[in-house]
Amino acid sequence: MPVFFAFSDESGKYKKERTDKFILKNPYYCRSVVLLEAGDWIKLKDEFYRLKKDLLSIDHQQEVKWSYIWSLFKHSQKGEEIPKNKPYFHLRNHSLDLLIDFIRKVLQFLSECRSCHIMFTLTFNDREKTKPLEMKKIAKYHIGHVWDLAEKEMRKIPESVCIFFFNREEPALEKCLKEVFFEIYRESPPEKYSRIKDSLNFEYFPQSFGGQVADYCAGVLNGCCRLYPQSIDFFRNQIWPKIPKEKNEALGYGIAEIPKNSKNRAYLKGILEEIFVTEEKNYRVSLDAKLK
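Each residue of the sequence shown is one higher than the one before, counting from 1 in this note's numbering.
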């Protein structure tokens, strides 16, 4: 029986009542799911930790989060020393381009993995695009879409089953996700999610290879929506081929706006179109060179 693991993480934040300051910092709330067959997960996990040691010379327990790179970049822009109390202090002597290359190589592992699927859901925090909904309702829409999608993908593979894992979140959000999980199962007929394990699992990030790649994917989508060059590079070359498509269309399937509506889908389509018309010379750029 083929067993698949689905790892989920977020990038950006969402709140029901969103101030201009909040929206400026968090224009998007993105969630990613990285789906891997168990055998591939074992192989890629070993390659991931080997790469971390060989390329970065750091212990497997030391985190390399997507957000850490941009925090380091901002410190360097301002000519600041990296404070010892920051969680990315251990990366202070690494070049930004080396860290970007590490992420690229990790995402290339996913790109070359036959069983890998990468799924996205995205909420626009602009008050004109998304009305003030409770976090629980937004989370239910996000999770409901990817579970529907994971179920469809599992049914293409005889006798397969999928187990979901979420990165640890702040207590209020974890509680919200747990409540959403139980509501979805309580409200759904048993056959609706027959290929998804009926349990909710939270993982400690540094010990989870899957959680870390889900972090990278969510961060890349968020960066793409802001048209950041490195995010466009990764999205086009490593991630896009792994997004599930229905009738050759990813929009509304492997990547979907939440809540679903035609206006926001058109807006998301416009962002994707802009991503794919960007010339390579404009997204293959060096972060270290920007600091000189």
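No lab work stands behind these hints, which were simulated from the structure alone. There's no promise every hint is true.
[Stated by the list, open to error] In silico DSBU-like pairs for lysine-lysine, Cα to Cα no more than 30 Å straight-line: (1) Lys129 with Lys16; (2) Lys45 with Lys178; (3) Lys15 with Lys45; (4) Lys129 with Lys13.
[Claimed, not checked] Label-pair restraints from in silico Cβ distances: (5) Arg284 with Lys129: 22 to 32 Å; (6) Glu170 with Lys86: 11 to 21 Å; (7) Lys74 with Ala38: 31 to 41 Å.
Every residue gets a Cβ at the ideal spot worked out from N, C-alpha and C, and that includes glycine.
Pair hint outcome, Lys45 versus Lys178 [Cα-Cα no greater than 30 Å] = OK: Lys45 and Lys178 at ~27 Å, within 30 Å.
Are Lys129 and Lys13 close enough, with their CA atoms no more than 30 Å apart?
-> Distance of about 15 Å is within 30 Å: holds.
Is the Cα-Cα distance between Lys15 and Lys45 30 Å or less?
-> violated, 34 Å
Range hint 11 to 21 Å (beta carbons of Glu170 and Lys86) holds or violated | holds, 19 Å
Using the C-beta atoms of Lys74 and Ala38, is the stated range 31 to 41 Å upheld?
-> Between Lys74 and Ala38, where Cβ atoms are some 38 Å apart, the hint holds.
CA of Lys129 to CA of Lys16, is that 30 Å or under?
-> Answer holds: Lys129 to Lys16 is near 13 Å, not above 30 Å.
Assessment of proposed distance window 22 to 32 Å (beta carbons of Arg284, Lys129) = holds, 31 Å
In this structure, the one hint that does not hold is number 3.
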